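Protein chains: 4
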Amino acid sequence: MHKLTLLGTGLIGLFYTMALHKRRGYDKIYVVYSRTRSNAQSFAEQWGISKWTTNLKEAIEDPETDVVVVALPNFLHKEAVIMAAEAGKVVLCTKPLGRNAEEALSMLEAVEKAGVFHGYLEDLVYTPKTLKALEFVGTGALGTILWVRSRETHAGPHSAWFWDPELAGGGAIIDMGCHCIEIARNFIGKDIRPVEVICWADTLVHPIASEDHGIGLVRFENGVIAQFEVSWAFRGGMDLRDEVVGTDGTIWINHFLRTGLEVFTAAGGKGYISEKAESESGWLFPVGDEVHALGYPNMFDDMLNALDEGKAPMETFYDGYVVNAIIDACYRSVKSKRWEPVQLEVWRGKPKQTEKKRPIEYEDKYILIKEERMPNGKVKLLLKEKHTNKIVEKIIPK
Amino acid sequence: MHKLTLLGTGLIGLFYTMALHKRRGYDKIYVVYSRTRSNAQSFAEQWGISKWTTNLKEAIEDPETDVVVVALPNFLHKEAVIMAAEAGKVVLCTKPLGRNAEEALSMLEAVEKAGVFHGYLEDLVYTPKTLKALEFVGTGALGTILWVRSRETHAGPHSAWFWDPELAGGGAIIDMGCHCIEIARNFIGKDIRPVEVICWADTLVHPIASEDHGIGLVRFENGVIAQFEVSWAFRGGMDLRDEVVGTDGTIWINHFLRTGLEVFTAAGGKGYISEKAESESGWLFPVGDEVHALGYPNMFDDMLNALDEGKAPMETFYDGYVVNAIIDACYRSVKSKRWEPVQLEVWRGKPKQTEKKRPIEYEDKYILIKEERMPNGKVKLLLKEKHTNKIVEKIIPK
Amino acid sequence: MHKLTLLGTGLIGLFYTMALHKRRGYDKIYVVYSRTRSNAQSFAEQWGISKWTTNLKEAIEDPETDVVVVALPNFLHKEAVIMAAEAGKVVLCTKPLGRNAEEALSMLEAVEKAGVFHGYLEDLVYTPKTLKALEFVGTGALGTILWVRSRETHAGPHSAWFWDPELAGGGAIIDMGCHCIEIARNFIGKDIRPVEVICWADTLVHPIASEDHGIGLVRFENGVIAQFEVSWAFRGGMDLRDEVVGTDGTIWINHFLRTGLEVFTAAGGKGYISEKAESESGWLFPVGDEVHALGYPNMFDDMLNALDEGKAPMETFYDGYVVNAIIDACYRSVKSKRWEPVQLEVWRGKPKQTEKKRPIEYEDKYILIKEERMPNGKVKLLLKEKHTNKIVEKIIPK
Amino acid sequence: MHKLTLLGTGLIGLFYTMALHKRRGYDKIYVVYSRTRSNAQSFAEQWGISKWTTNLKEAIEDPETDVVVVALPNFLHKEAVIMAAEAGKVVLCTKPLGRNAEEALSMLEAVEKAGVFHGYLEDLVYTPKTLKALEFVGTGALGTILWVRSRETHAGPHSAWFWDPELAGGGAIIDMGCHCIEIARNFIGKDIRPVEVICWADTLVHPIASEDHGIGLVRFENGVIAQFEVSWAFRGGMDLRDEVVGTDGTIWINHFLRTGLEVFTAAGGKGYISEKAESESGWLFPVGDEVHALGYPNMFDDMLNALDEGKAPMETFYDGYVVNAIIDACYRSVKSKRWEPVQLEVWRGKPKQTEKKRPIEYEDKYILIKEERMPNGKVKLLLKEKHTNKIVEKIIPK
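Residue numbers (my numbering), protein chains in the order written: chain A, 1 to 398; chain B, 399 to 796; chain C, 797 to 1194; chain D, 1195 to 1592.
Hints are computed from structural coordinates only; laboratory data are not their basis. Here the structure is a predicted model, which is why all the values come from computation and not from measurement. Heads up, none of these hints are tricks.
Simulated pairs of lysine-lysine, PhoX-like, Cα-Cα distance not exceeding 20 angstroms:
hint, chain 1, residue 1, chain 2, residue 2
1, D, LYS1216, C, LYS818
2, A, LYS28, B, LYS426
3, A, LYS22, B, LYS709
4, D, LYS1531, A, LYS335
5, B, LYS735, C, LYS1131
From just these sequences and the hints, can you work out the full model?
Structure (structure tokens):
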């Protein structure tokens, strides 16, 4: 049972609180901090939180709480995390960890130096569908992973600071690419080193200084590719989709816009549908339980179970640091217009590895390329002759 | 915080336990009962339950527990519920409440006489999608409800007793129709009286005495129709879909087979996919968090919150009784091959009501029937002349 | 190569003409008839049709044309068909054939007496998906068919005469139930006799004398059930879905509202989307090629190929007659509130048949009821002991 | 009415023939050529084609045919096209036009020098869904186009020559990227110049010399981005999906794997499902009319209508040349690991253009960035102060 200090009362603080307070659970927020007095007070009242304050230090050092949850804008993470680490508190920090790898690394060093438990609140890794998909990948159902695509697009974030690259550390890529990259790392294997990136970004629509659209590829040491697509210029709602392709299978995940609840309303105009929904009449696609679909309850369960059991959670500050380092390379690539290496001062995964694919043999002298059933019902084999490297076809009757 | 006695360690007992024990919650099962010693013991060990027993009375009367959860086969509900009521315990009973309305009514009388809190564990009313859909209906987004269709089909249940009509009280209709009927009642309004039913059922496939397929219509006093389709002869997995049609809108819910997680595996054969999945390779459609998708955690939250707050839960034994009465009428209709009245000795909803539809007028002398945009881009109005009742058309240019 | 006389310039005449004139085909409409002069003339101009007339006899007896296509309102079918038969022309008549079985039978007798080729223009049997699904059923992929569900719902038809039960022969059931019933017959086997029906219908929304919603079950001699759901009170577009369930498989067809083309528009208001679409902004679901998706080109190909090859087409007037006879029984059942026999004066299918199901044996003394993989990964068998009829369980380890 | 010479009897020749011969059309193949005698002969017999030959020149110069359809492997396009142009015949050539831009340009020059009608057989631009989506884009429903994503992935092609980079001109990118690029050009506007590309490719799975996976971005002069993803290493069938994102809307197209026909079969093993389907039991997703879904009939209609009307078809050799030039740049980028310019010796679109976005003003002193409805039901505006460039928030009550 834990008492938590929550720093921040924006949308993410709200979702965290819903995850903890909307169920019959024994972990509750006990102190809430906001920079704005009225926000702190009304949030505390709404959610039955015992104390509220506009004093950051007081919130962090409250003697009744043992866990500090950082749900502040990006530019305030570092200060809050270091203060919490120095206070000897457990620190859970929202995504992205830092505005860049340098900030992230200093936060990682702070918690490790202080010896406090730390968790990186990357919620999308904890969605029911991601966890189930990771189980499938774990059973070998997909064979060897080859390609992971992750996408988060909507019409833009809901608070002013996101749109200022100084305060946020970038635009759509730092905001949402961090989700995509960490989702991909979980499917690919976190101990596989990300080697280099190519990334394009542009400001397509909005009158802002940061990018509102970005696409990037991350190449891992074993040749696997993670692809992310992020946009603040997408119309139609919040689109969260992931795809995992392996030698033996594929997974398609749709977390949000098409999950089996479809509503047509000619009446319309009835209020909140789901996060970043854009229409209020016609066909709507709400999410049954948005907070659960986004992974928040599972995330806190994992974090606090790990804390109680003296283990590391699924996502740590080190993961947050790796993500920031990849994003830094992305921003360099946007400028240089070429592949850029991922600079990881600290690498805790596998050393360089060499894996050999074993080709499938066919009748001694061939290697099988593929087989396919044709419209006439017959199966065609494509074979490579081992000695000549010539590719030949062979028809197998129905 | 509650300590629960769980009666029964079958699939439904397992799901209930997963709902309570797989999260950081303060309500836990403290005693588990099974008719089979080894089941009781291994279940207790697996889920960290303090006590196990094969003595029903001992389980129910355990002085440490205040809530009894009945997760037994249908033919054992009545005995367990009455015993628990007499022990002064809170009683939560799985669906269907009784094998027929007579059993259900005697259970209702027992808990009301004993003055104990009682809840009807109809989980599908609590799925995230049903709850969200009920919110939409509550806002008026669908206008007046006209028709609710609910369907549950799969390839048949997993325990022997389901297949014996004596023990179960029937076949597919008592097993799954109870879900469909109660889902429909929630959308239509529980205070609207169900008046009559027509039902067809047959044993299409299995070598059994009870029906493995049934389709029924329930007419409510205000003319709304609830339609259910249940089958133990469906192939492809467990299909749980609901549809709500109102004057101004439609809701389609897919709880299980198409929820946004799609897996292709050529490797296959890797174990449990989702409840009643039938294939283990090719395209699979697992559910991210099956227990949540089926409504179990929300159901226990509602039940125990209501208990703590001294309110009635969303689903009570009275609801279970109404459902049984409707199903009794269905079975009569299967035999008589005609509409049969729903016999409700106890009716606690609205008395007979008379609602008048107000037609939409158009230019004083017409009533609007409908408008539609045609392929040539023009809009056509269909109007009824008030005085002649003649139906005429009127074209409105683009 | 054929020259056709088209009778009727409404929506159905338009779709027929698009099917024939929008491709590089050698069959063209040569004469078009409408009761309204301006319609006949403008239709002929738009589609490059050589002649137009408001004289039915002249249209039918035009010496240049050999095929008469009846695309008139229901109450005009009989007169036109008989006139065409007497003129010795090929007759293709739109659905439903008659307003009732009596009309249909007299039309059937007229064409057979005249010895002319006749086709029943039931387009939905010819959609690309229905044809492909029929192929699957033909291969045995679904085993023995058990249940066919067909549904057509939208917000109501586009012409005044549909809404008048005298002119149309009924309401939503005669209008759309005819599609559903014939789709089902194709999957079940046209030579299996429909025996009896139960049907409910009501006027839920519109200020009209005919039903705007109906649900019916048709029982065939082999126990197979066809279920139809039709409504003019559905909101959200035109919903055309079919389902076929067999002992070994299932087919789900969605012809219209969810076919893989999804459009979100915040701009909106741009004209025709698809037939009976109800929204023009937000998420829209247009159909790529509506005319093809509805089966019209395939239908004319089959009709005219059959004509050229001296064979019967897939759908004849006899089929139209059987459909009308089933619908007549439906309307009787709506009134009598009980199952009503299908009265077929002429039956050309199989005589009464008796098919025996062979149960699957298991280890000599058991009959297999079903098997299912449980959440713990083990497979459970449900078995019936042959001698005792007792149902027992058997667990098979992973 | 045209008589066609078909060169090639592989899968693409088969689809072309099905498009022309499976309907009651007046254009037919009259001569068929294959390098293999038995293929030519059996193909001619199967499809009722009058003449067959293994002599290319004879096929092309046949005095009865006026149109030559090139459906040969990539390395044979140039020779056949030039021979047909010199013979004064209409030339329709399958995709990609050449193995590279140099080959494509020489073909373009040959047909233009000869003054013959030429069409580029890019079928996916003609699918019913692409055409309908282009209509939507044309109405302004999506506002200004920003991003087009097109994807084609499957488990690899069905003939040996595809796998040999010398014969094919590359691997998955030349094979399928050509589709994606031309789809994107149609949505973006063919007169907008493609400027530069970045592309990654690798051989992830197969024992071959060419790439089996590639992802590329094409930047157009107006800043719009076309993204393609192609793979011969995808498992689960043939995945053809396109996405178009504009300032005011989004289009999602799924041509193949999820089009509204879903089949579950436990029986399985019944033959051909759809092109490149990988499973034959469990859940299958066949396409109703594959040939139509892939655009072939529409393509020939457009080509031959254009020919008859003396107009250019939707897709010409010039389009094929531009596509090849973009792919050449892609292959250079794969090697250089940086953005590469698209080298177009011949550019027939718009000269360099400059378009200015006009920001949306709000209350004089602000520019609107976005608005969003929050979970509490209120709408939040994000505004940029014109003078300070500061981003501020404004809450609008429900």
